[in-house]
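A.B. asks: Working from the sequences, and respecting the hints, build out all of it.
Sequence lines, in order, name chains U and B. So that you can map any letter, position 90 of the first sequence is 90 in the UniProt record's numbering, and since no number is skipped, the others follow by simple counting. So that you can map any letter, position 277 of the second sequence is 277 in the UniProt record's numbering, and since no number is skipped, the others follow by simple counting.
Derived from the structure by calculation, the hints contain no laboratory data. Any given hint could be a false lead.
[As the list claims (entries may be wrong)] Pairwise CB distance ranges (calculated): (1) B:K194 x U:N134: 24 to 34 Å; (2) U:P31 x B:R439: 24 to 34 Å; (3) B:R439 x U:W149: 41 to 51 Å; (4) U:V120 x B:G224: 40 to 50 Å; (5) U:T220 x B:N77: 29 to 39 Å; (6) U:N134 x B:E306: 23 to 33 Å; (7) B:K427 x U:N134: 32 to 42 Å; (8) U:V120 x B:A63: 37 to 47 Å; (9) U:N63 x B:K401: 17 to 27 Å; (10) B:N113 x U:P31: 23 to 33 Å; (11) U:I68 x B:K194: 37 to 47 Å; (12) B:E388 x U:Y162: 44 to 54 Å.
The beta-carbon is built from N, C-alpha and C at its ideal position, and this holds for glycine as well.
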Amino acid sequence: MYLSKTKARNIFIGVCITPAILLFVIFMVIPTIDVFRMSLYSWGGFSNQKQFVGFDNFKFLWNDMDFIQSFQNSILLIVIVALVTLVVAVFFAAILTKERIIGGNFFRVIFYIPNILSIVVIAGIFSAVYAPSNGLLNSVFAVLNLDFWQQKWLGNQQIVIYSVAGALVWQAIGYYMVMYMSSMASIPASYYEAASLEGASPFRQFFDITLPLIWNNIRTTLTFYIISTVNLSFLLVTAMTGGGPDGSTEVFLSYMYEQAYGNSTYGYGMAIGVVVFLFSFALAAIISHITKRDVLEY
Amino acid sequence: MNIKKLLFVLAMLSIVIALGACSDTEDANTSEADDGEKVLKVAALESAYGKEMWHQIAESYEALNDGVKVELTIEKNLEQVIRPKMQAGEFPDVLLLATNRPEAMTETMIKANGLEKINDVFEMTIPGEDQTVNEKLLEGFTDTLATNPYADGDTYLAPMFYSPTGLFNNAGLFKGKGWEVPTTWDEMWKLGEKAKEEGIALFTYPTTGYFDTFVGSLMYAVGGSDFFNAAMQYEDGIWETKEAEKVLKTIEKLAEYTHPNTVANANPKDFTKNQQLILNNEALFMPNGTWVVGEMKEAPRADNFEWGITAIPAFEEGGDRYAFTFFEQMWIPAKAENKETAKDFIAYMYSDEAAQIFLDSGAVQPIKGLTDKLEGQKQTFYSIYEDESVLPAMGTFASTKPVPGANISDVLYGQIDSVMSGELTYKDWQASIEEVSDRLRSAMK
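C.D. replies: In structure tokens:
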């Protein structure tokens, strides 16, 4: 049998990509569809008695104040972590790329280290930092005579979610900083030289050259922030506060886990999973849309 | 054959190969070993007592039963290990997994009617002995909702290792200061003021989960078993009664005497910091069980530290005081393959031989005369009920169908953090408990 070059090429491509597509379908698409299906059932997780309840699980969600609280916490974490991480990571990336700082490489490594630590280790470190009587943070305030700033960082329900956010930001900054640094390093030095000759200040150079040229990178990382914060906040909250005190640090994935396993309402947990999936998808799409700019090439 | 058909055939072929590779060539549910022995699958939580005792139990049971091989799964994260297998239909024959665990696997199985009825186990003659299980068991352990979750007289869970719970303290500190251990709440508040003057808090707690036995003891003390059982079965308006109000108000008042760092440390990772407050003489009492001694054995402590335990104080002079009895449970999944052998195995758990193996590892079962074999500190703890004014309390909430978003433990115990930090008044707390109780009542079987 004679095969044309095009057919042979297509067959080769087909043979190569079919296993990958199959794995994707079996381990990603089918389970995701199954989550949607299970969200329509009342089921505890073990028995064969699955009762079809339609959209009842979603109606419950609408009136479940604990879920709403966990949803608010999640959004708060996403916004705080994304904004603070973005600003600080861009700032440090600009400093370390543009300025000749003694020990610049050392700082790069130091900033990046939190990213390679396990989230459980980070939970342990920050529990020590936030310890009420002998923790680093309160001790520093004591040394600086700022006793009125001392707090029960993990005990005060009004601020504990910000304490969790602090740990997440600390963990994320190094990674994003390195990403921005690589983008900034690839901007031709001649742009800055020309701007400098025309009298542009470093501040002006940053906003008119650096930021527009790394904008695509920022857009991509913003989407990544959302996905990773949704997942990491669950892990950190589970390891650091267990969702407490009294649910004040519960995020929607920890609430989903609790409902699916702790409260024997697996179907309800899957309904929360569906909402989280749709929310994350929608938020990523919105952010991608509102941050869209003309791509500048160089 | 065009390219689309070819790709389709390739895709189908890959699916078949992938599924073939995923399937197990051996029958996963086999219950017979290669040599024809019957395999009894036993899964148990590895708790503070360790796993070695289970290997000894397996050996001693095999020695007594020719042709039976005990296959053990002993893990600290048992739920995570066995859940996928159980969801795939591969159930152990026997499980030692108590209720009130965060993953609530036992409760899920109860709610799904997934437990085998084991009334007959208690009438069985213990293998190798001539007494029945009932004849050796201490009274009361099979009469509660912790063993009979549907309150219909049938038993589904066998009581295993038990521990008296109460208020743990530093007996050495009390001796040194010349302070009496309070027996009433009035005395408790007076001691709280006295301790406050010396910079010591009256109270702390590891996490709010430890209030399950504390609140239970208060409920028994204020209204006896009738009131307790009514609350456990979500009786209408029970949380609006004066008795319930007294329980909740007592905890609200306790907030004034609770160590200020308690709520900050009351999470699954830092709870030992609260326990450390007792060892450091920074707080006087905490609700706990006898396992705390092993849990904190490596922890630094104040000079002359000596563990003490006392019952929850009475509401009036001469009133009954209660020390809740916490116990773990053993059960058989309804889908277990070797139910008869599993029942025989559970009966064997109450044999002198098994009890001694467990006892050597520190685990005490509710078997008559067993506490006589205890020594030292353990003997002190288990003799808490020898005080005539101290009574044992047992039980837990009745099982209901699963109700999304309604968890009585979360609202009754979890909200105590908010009460302690002053975020929640007892009135609001009371209202939310009653609301969840109402929702669960309508879901009772």
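A.B. asks: Now, for every hint given, state plainly whether the structure supports it.
C.D. replies: Right, here's what the structure says about each hint:
A hinted range of 24 to 34 Å for the beta carbons of B:K194 and U:N134 is consistent with their spacing of about 27 Å. The beta-carbon spacing between U:P31 and B:R439, approximately 31 Å, falls within the hinted interval of 24 to 34 Å. Our hint of 41 to 51 Å for B:R439 and U:W149 holds, since their Cβ atoms are close to 42 Å apart. The hint said 40 to 50 Å for the Cβ distance between U:V120 and B:G224, and at roughly 45 Å that hint holds.
At about 36 Å, the beta-carbon gap between U:T220 and B:N77 stays in the expected band of 29 to 39 Å. With their beta carbons about 26 Å apart, U:N134 and B:E306 fall inside the hinted range of 23 to 33 Å. In this structure the hint that B:K427 and U:N134 lie 32 to 42 Å apart at CB holds, the actual value being about 36 Å. Separation of U:V120 from B:A63 is about 42 Å and conforms to the stated range, judged on CB atoms against 37 to 47 Å.
At roughly 18 Å, the beta-carbon separation of U:N63 and B:K401 lies within the given 17 to 27 Å, and the hint holds. Distance hint check for B:N113 and U:P31: the Cβ-Cβ separation is about 27 Å, which falls inside the suggested range of 23 to 33 Å. A C-beta distance of roughly 45 Å is found between U:I68 and B:K194, which places it inside the suggested range of 37 to 47 Å. Between B:E388 and U:Y162 the beta carbon distance is about 53 Å. The supplied range of 44 to 54 Å therefore holds.
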